[in-house]
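Engineer: Protein chains in written order, with UniProt numbering: chain A, 1 to 284; chain B, 1 to 284.
Any given hint could turn out to be false.
The list cannot tell twin chains apart, which means a pair is met if one copy fits it or any two copies do.
Listed below are the simulated DSSO-like cross-link pairs for lysine-lysine, each with C-alpha atoms no more than 30 Å apart in a straight line [claimed, not checked]:
1. K151 <-> K54
2. K271 <-> K109
3. K276 <-> K233
4. K151 <-> K28
5. K233 <-> K109
6. K271 <-> K240
7. K28 <-> K200
8. K240 <-> K151
9. K54 <-> K271
10. K240 <-> K200
No lab work stands behind these hints: they were computed from the structure.
2 protein chains.
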Amino acid sequence: MTAEPPSAFAYLGPAGTYHDEAARAFAKRLGIDDPQLIECPSLSEVFDCVDRGKCEYGVVATENALEGPVTATLDNFAFRSSATILGEHVLDIHHCLIMHPEATLNDVKTVASHPQGLAQCRRYLNDNLHGIPTVTVASTADSARRAASDKSVAGIGNDFAAQLYGARVAETGIEDHFGNQTSFALIGRQGHVPVLTGSKFKTSLALFLQADRPGALLMILSEFAYAGINLVKIQSRPTKQALGDYMFFVDIEGSTQDLEVQTALNCLRLKLREVKVLGSYPVE
Amino acid sequence: MTAEPPSAFAYLGPAGTYHDEAARAFAKRLGIDDPQLIECPSLSEVFDCVDRGKCEYGVVATENALEGPVTATLDNFAFRSSATILGEHVLDIHHCLIMHPEATLNDVKTVASHPQGLAQCRRYLNDNLHGIPTVTVASTADSARRAASDKSVAGIGNDFAAQLYGARVAETGIEDHFGNQTSFALIGRQGHVPVLTGSKFKTSLALFLQADRPGALLMILSEFAYAGINLVKIQSRPTKQALGDYMFFVDIEGSTQDLEVQTALNCLRLKLREVKVLGSYPVE
Numbered sequence: 001m002t003a004e005p006p007s008a009f010a011y012l013g014p015a016g017t018y019h020d021e022a023a024r025a026f027a028k029r030l031g032i033d034d035p036q037l038i039e040c041p042s043l044s045e046v047f048d049c050v051d052r053g054k055c056e057y058g059v060v061a062t063e064n065a066l067e068g069p070v071t072a073t074l075d076n077f078a079f080r081s082s083a084t085i086l087g088e089h090v091l092d093i094h095h096c097l098i099m100h101p102e103a104t105l106n107d108v109k110t111v112a113s114h115p116q117g118l119a120q121c122r123r124y125l126n127d128n129l130h131g132i133p134t135v136t137v138a139s140t141a142d143s144a145r146r147a148a149s150d151k152s153v154a155g156i157g158n159d160f161a162a163q164l165y166g167a168r169v170a171e172t173g174i175e176d177h178f179g180n181q182t183s184f185a186l187i188g189r190q191g192h193v194p195v196l197t198g199s200k201f202k203t204s205l206a207l208f209l210q211a212d213r214p215g216a217l218l219m220i221l222s223e224f225a226y227a228g229i230n231l232v233k234i235q236s237r238p239t240k241q242a243l244g245d246y247m248f249f250v251d252i253e254g255s256t257q258d259l260e261v262q263t264a265l266n267c268l269r270l271k272l273r274e275v276k277v278l279g280s281y282p283v284e
Numbered sequence: 001m002t003a004e005p006p007s008a009f010a011y012l013g014p015a016g017t018y019h020d021e022a023a024r025a026f027a028k029r030l031g032i033d034d035p036q037l038i039e040c041p042s043l044s045e046v047f048d049c050v051d052r053g054k055c056e057y058g059v060v061a062t063e064n065a066l067e068g069p070v071t072a073t074l075d076n077f078a079f080r081s082s083a084t085i086l087g088e089h090v091l092d093i094h095h096c097l098i099m100h101p102e103a104t105l106n107d108v109k110t111v112a113s114h115p116q117g118l119a120q121c122r123r124y125l126n127d128n129l130h131g132i133p134t135v136t137v138a139s140t141a142d143s144a145r146r147a148a149s150d151k152s153v154a155g156i157g158n159d160f161a162a163q164l165y166g167a168r169v170a171e172t173g174i175e176d177h178f179g180n181q182t183s184f185a186l187i188g189r190q191g192h193v194p195v196l197t198g199s200k201f202k203t204s205l206a207l208f209l210q211a212d213r214p215g216a217l218l219m220i221l222s223e224f225a226y227a228g229i230n231l232v233k234i235q236s237r238p239t240k241q242a243l244g245d246y247m248f249f250v251d252i253e254g255s256t257q258d259l260e261v262q263t264a265l266n267c268l269r270l271k272l273r274e275v276k277v278l279g280s281y282p283v284e
């Protein structure tokens with residue numbers, strides 16, 4: 001009998017990222033008070049940690065309301081990993097201007113953040129730090145860490161990172177679009193028992209077509225329509241074989257425990273190259 | 001009568017990018033021997049140049065075989081610009097290791113490139129420059145420029161950029177996936193007369209749904225199927241209003257000059273919030 005993998009959470013680090021926040025939220029929902037959190041340098045390594053049983057759970061961003069799907073996550077689900085989605089968590093994204101505790105706006109010579117942090121606060125930077133050069137760093141947490149140690153650097157990230165690294169939040173809610181959100185998936189090893197309950201379920205699928213065949217997507221949507229299953233989301237991704245060759249990610253309402261979902265998936269299995277069930281989990 | 005905009009090409013600079021290569025390819029197809037090329041710092045500014053009549057043409061990447069759609073381009077088409085697609089060009093992407101003319105591999109202390117250049121040559125870097133730190137720069141052309149002036153920096157980009165900046169191509173075809181391609185669109189101001197001819201046409205559309213309505217995508221695909229129109233591509237993008245709220249980019253075979261295309265689009269106009277025709281242009 002092999003040892004159970006420790007009930008730790010692998011997430012895209014460093015400490016203080018939005019991934020870190022999401023991992024703590026999942027731990028709370030699982031009733032784990034003092035979760036063991038394992039920083040990973042890339043999303044692929046979060047998947048590897050879970051697939052190899054090094055961590056029981058992984059937390060990966062799947063989609064941002066402004067930027068769209070997180071393609072590195074989708075590619076891992078489609079082409080690399082056998083992990084199962086156990087749950088989802090939607091995080092409100094509020095960027096803060098983060099500064100050294102003793103710095104004022106006049107001290108700022110550079111604004112450092114993740115490219116998306118900079119892009120999502122363009123209007124604020126233009127109005128308040130006009131002409132100040134921006135530099136990209138690997139994460140919003142890194143930008144908080146740099147701001148905490150250098151008066152001439154302002155960062156953009158969440159207030160959690162600012163606190164963690166001992167920096168000051170000079171202003172909150174500096175994002176251009178109000179209402180920005182990121183959706184995260186809790187993943188476990190293939191076959192992991194469900195850990196979250198709910199009244200409504202969702203099932204995520206990766207569908208691989210037979211060599212480019214006209215009408216395939218229409219057929220897929222018709223199967224779900226006939227079964228009375230609502231689509232939550234559909235997203236195409238290149239298969240990386242040739243330009244214009246796609247596979248589809250589809251989220252449907254319902255669980256693989258439901259008879260109508262089973263029937264629709266069995267019909268699709270007869271016609272498609274592969275139907276990969278990424279997981280059935282409660283809608284948040 | 002206003003002056004005609006100069007027949008210049010706006011592209012995502014600096015000189016030596018893959019955009020630059022694509023702009024030259026379009027100019028050649030238009031029979032322009034010595035094209036005036038205008039560098040822009042962002043894709044949005046390429047669109048602005050065209051929309052404001054500062055340049056007659058713009059060149060924007062639409063999709064890469066590995067990375068998928070270029071979201072900044074799609075968002076400009078959907079939400080900002082009224083430009084028309086006049087043509088497409090598919091460029092084979094072959095990355096080179098670019099070095100100072102007098103440097104050898106032993107001199108290299110850093111590998112600098114655009115994040116996609118680095119990501120697409122990961123295996124080569126691991127096998128040949130293992131442990132050498134990588135830094136990201138704004139473009140593959142920038143990486144060639146840096147390599148040309150610093151023996152300790154190796155860049156990753158096209159041989160065109162290496163030549164342009166006086167650097168040396170140390171190795172060609174260093175990309176992990178052979179057969180990588182990027183598709184570019186030639187854009188002109190709304191209503192621009194067609195400039196390229198061909199036997200087969202393609203039409204690009206941006207479709208905006210009425211507030212989230214189940215079955216909308218099935219209805220869209222059914223309209224095209226009934227009209228006997230093949231779909232080339234479909235891509236969803238967030239509307240940036242709320243997580244899970246999408247619009248669709250659809251490429252279909254045929255031209256808006258074709259009766260069956262006109263009928264299908266008129267049917268869709270009766271049901272959707274907006275049908276934006278991005279252009280009809282010859283298939284390359």
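Engineer: Up to 30 Å between alpha-carbons, please classify K271 paired with K109: within, between, both or neither.
Structural biologist: neither (59 Å within a copy, 52 Å between copies)
Engineer: Can you tell me if K240 and K151 fall within 30 Å by alpha carbon in one copy, between copies, both or neither?
Structural biologist: neither (45 Å within a copy, 34 Å between copies)
Engineer: Which holds for K28 with K200 at a C-alpha limit of 30 Å: within a copy, between copies, both or neither?
Structural biologist: within (20 Å within a copy, 57 Å between copies)
Engineer: My question is about K271 and K240: at a cut-off of 30 Å on alpha-carbon distance, are they close within one copy, between copies, both, or neither?
Structural biologist: within (22 Å within a copy, 35 Å between copies)
Engineer: Within a copy, between copies, both or neither: where do K276 and K233 come within 30 Å Cα-Cα?
Structural biologist: both (16 Å within a copy, 22 Å between copies)
Engineer: Since the copies are identical, ignore which copy is meant and state whether K151 and K28 lie within 30 Å (CA to CA) inside a copy, between copies, both or neither.
Structural biologist: Close neither inside one copy (35 Å) nor across copies (52 Å); limit 30 Å.
Engineer: My question is about K240 and K200: at a cut-off of 30 Å on alpha-carbon distance, are they close within one copy, between copies, both, or neither?
Structural biologist: The answer is between: 25 Å across copies meets 30 Å, while 34 Å in one copy does not.
Engineer: Taking 30 Å as the upper bound on the Cα-Cα distance, should K151 and K54 be classified as within, between, both, or neither?
Structural biologist: neither (39 Å within a copy, 41 Å between copies)
Engineer: Reference check for the pair K54 and K271, CA-CA at most 30 Å: within, between, both, or neither?
Structural biologist: neither (36 Å within a copy, 51 Å between copies)
Engineer: Checking K233 and K109: alpha-carbon separation at most 30 Å within a copy, between copies, both or neither?
Structural biologist: For K233 and K109, neither the intra-copy (43 Å) nor the inter-copy (45 Å) Cα distance is at most 30 Å.
When each numbered hint is compared with the structure, violations occur for hints 1, 2, 4, 5, 8, 9.
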